[in-house]
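**Student:** What follows is the residue order along each chain.
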Amino acid sequence: MTEAIAISDVAPDEVLRVEGLHTFIRTEGGVVRAVDDVSFSLRRSEILGVVGESGSGKSVTCRTLMGLMPSPPAWSIGEVHYAGRPGRNLLELRGRELQQLRGAHLSMIFQDPMSALNPVMRVGDQIEEAVAAHARLGPRDRRRRALELLDRVGIPAAARRMRAYPHEFSGGMRQRVLIAAAIASRPQVLFADEPTTALDVIIQDQILSLLLELQRDFGMSMVLVSHDLGVIAEMCDRIAVMYAGQIVELADAQTLLTTPSHPYTISLLRSLPDSEHRSRYLPSIVGTPPQLIDVEPGCRFAPRCALAVEECRAWDTELIAVGDEHLVRCRRHEEARRPGAWQEQSFV
Amino acid sequence: MNATMNPGALLLERFEARAGRRRGRVRRNATLIVGCSILGIVIVATLAAPLLTPYNPNTIDPLHPLAPPLTPGHPLGTDQFGRDIFARILYGGRIDLLIAFGATGVTLVAGTAIGLFSGYAGGWADSVIMRIVDLFFAFPFFVLVIAIVAMLGPSIFNMFVAIWLTSWISYARITRGHTVLAKGREYVLAAKALGYRHSRVMLRHILPNVVSFVLIFAMVDAVGNILLGAALGFLGLGAKPPSPEWGAMIADGQNYILSSWWLSTLPGVAIVIVGVGFSLIGDGLADLLRADD
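If you read the protein sequences in the order shown, they are chains A and B.
Residues in the first sequence are numbered from 127 upward in steps of one, following this note's numbering.
Residues in the second sequence are numbered from 45 upward in steps of one, following this note's numbering.
FYI, nobody ran anything at the bench for these hints, they're computed from the structure.
All residues carry an ideal CB built from backbone N, CA and C; glycine is no exception.
Incorrect hints may have been included.
Computed spacing ranges between beta-carbons, pair by pair [stated by the list, open to error]:
no. : chain 1 : residue 1 : chain 2 : residue 2 : range
1   : B       : Trp168    : A       : Glu145    : 28 to 34 Å
2   : A       : Ile419    : B       : Leu279    : 55 to 61 Å
3   : A       : Arg464    : B       : Leu225    : 48 to 54 Å
4   : A       : Glu145    : B       : Leu225    : 52 to 58 Å
5   : B       : Trp168    : A       : Asp363    : 43 to 49 Å
6   : A       : Arg222    : B       : Leu188    : 38 to 44 Å
7   : A       : Val157    : B       : Ser243    : 43 to 49 Å
8   : A       : Ser410    : B       : Ala169    : 19 to 25 Å
9   : A       : Arg222    : B       : Ala182    : 35 to 41 Å
10  : B       : Ser243    : A       : Thr384    : 50 to 56 Å
11  : B       : Leu188    : A       : Ser296    : 49 to 55 Å
12  : B       : Leu188    : A       : Glu223    : 40 to 46 Å
13  : B       : Leu225    : A       : Leu408    : 38 to 44 Å
14  : A       : Tyr291    : B       : Ser199    : 44 to 50 Å
Next up, chain A with everything else stripped away, as it sits in the complex (with noise of 0.2 Å):
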């Protein structure tokens, strides 16, 4: 048991190293393969996009990996390394092992900013708490160290808004003050779980921008999950796509954009609108994703996927590696990146 773990333990470039991952959750229907081999790491200091629409296992993936996920209905399987545990498996830690990790190492931003605040409790105790968490402070330090951190994250008259409880905010404002409490600690990796869909596009940006600000400062590793490709290709480094809680392609931004290599990349990114192009008719992906209760064997976009065969519904699927770091779940990603292949698909 300890070989494997030395031999799986990160690399030295690598924060976090995510092997086999797989979260199972029971319901009445039957159990939900929500997180179904996932691999992945996370480098220092570089910002990984997790990209899929809803229900393809981004946040679960997350919350898994926090230790979040409610335990029953929900249990996992797999190996997940962090670089200041060596030799541990994330998913073993318990109680006060875990507790002392989170804030302090792994750290998240959630969806909604209405809902992720305590109602009850004013911004500057909720602050504070968070600062508290971790360190050994007197009030001073602590309320000194929570107003830097307000200001930090743009929050104007931050010492009058300490009082105000969570409801005088708005939404961007309370974006804010999260990501405030999240990086209280000074965490190595932050989780930002679609930090900005809740907002308006401009607060969106700002919002973005701030944790850009905040990474390169502090050089967090960061996993920035988004259903939205465009937010993903502005901010991250790397970007892994999901689909149906597998990751079906994962490479860095560059060669995803240019050279994706997946069907369901491809039709994403052709799904994306464009200026050059401000009449061409959308083309969305026909059909839904697969309910993940029983799953059928084979890759699971095939029903979707206009260059499905017949052996692509057998094929026991994994990660391709079809370039430099570049990983592929599909057995025709040769005929996907062909020039042409998609022409009897386009839309009028």
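Take the given structure of chain A and dock chain B to it, following the hints.
**Tutor:** Structure of chain B alone, referenced to chain A:
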């Protein structure tokens, strides 16, 4: 509002009016104010009993038995032993309010703590605690309380013990339900994600968000406990004679109900007044807290 105002200013004015209403909500919550006033007056009156009446509630006056209300010197009359009923109701109120606060307070705290733990811990601990709660719920409540008091021996303290043993279950169930709901909320996940201790997540992030539901129920329960205290007193299982507990007074007066109605009726009116007070506070709290959401 005048017509020449620009739309923005109009909107602002409307918002300010709404904010004003919000602030005025406590003041305008007539139910809560009336309830608190009733209870406040009763509490002050029972505590200030020696100032309000010259009589000792247990002093027998064989010369003036069964004096009707409005007899000079005895505003609410006297009972079969010539004891002043007004004095007995005032002093007896101390016992009944003690039952309301003592019994309800302890079960409120204990039940809430148990429910909070049960809901937060989940798993087998939750199952075990909730099955125990189910077991208690399966017994007829009054019969259980009477059985426990009868077993321990009739006294006010044993009545407390019986209520403590049986009443926490409602609080545990209410708190547990809301805790399970709150546990899935993002602010609780966020608190966990920041590495807060379980005790902190429970006490500072979940409890304040569930306590309002329990408080509202506690007001109803307090009325129930007064009635229960009175019922046990009536059955001779609560306060012992000659202590002027309201239920015991009603029981004492039942032989005279046709000739001297005031012996039983007036303590009953006192129970009704306190009950209405608690109910109004419960309703008022519910309004106040509901409006917060």
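**Student:** Which constraints among the numbered hints does this structure fail? Numbers only, ascending.
**Tutor:** 4, 7, 8
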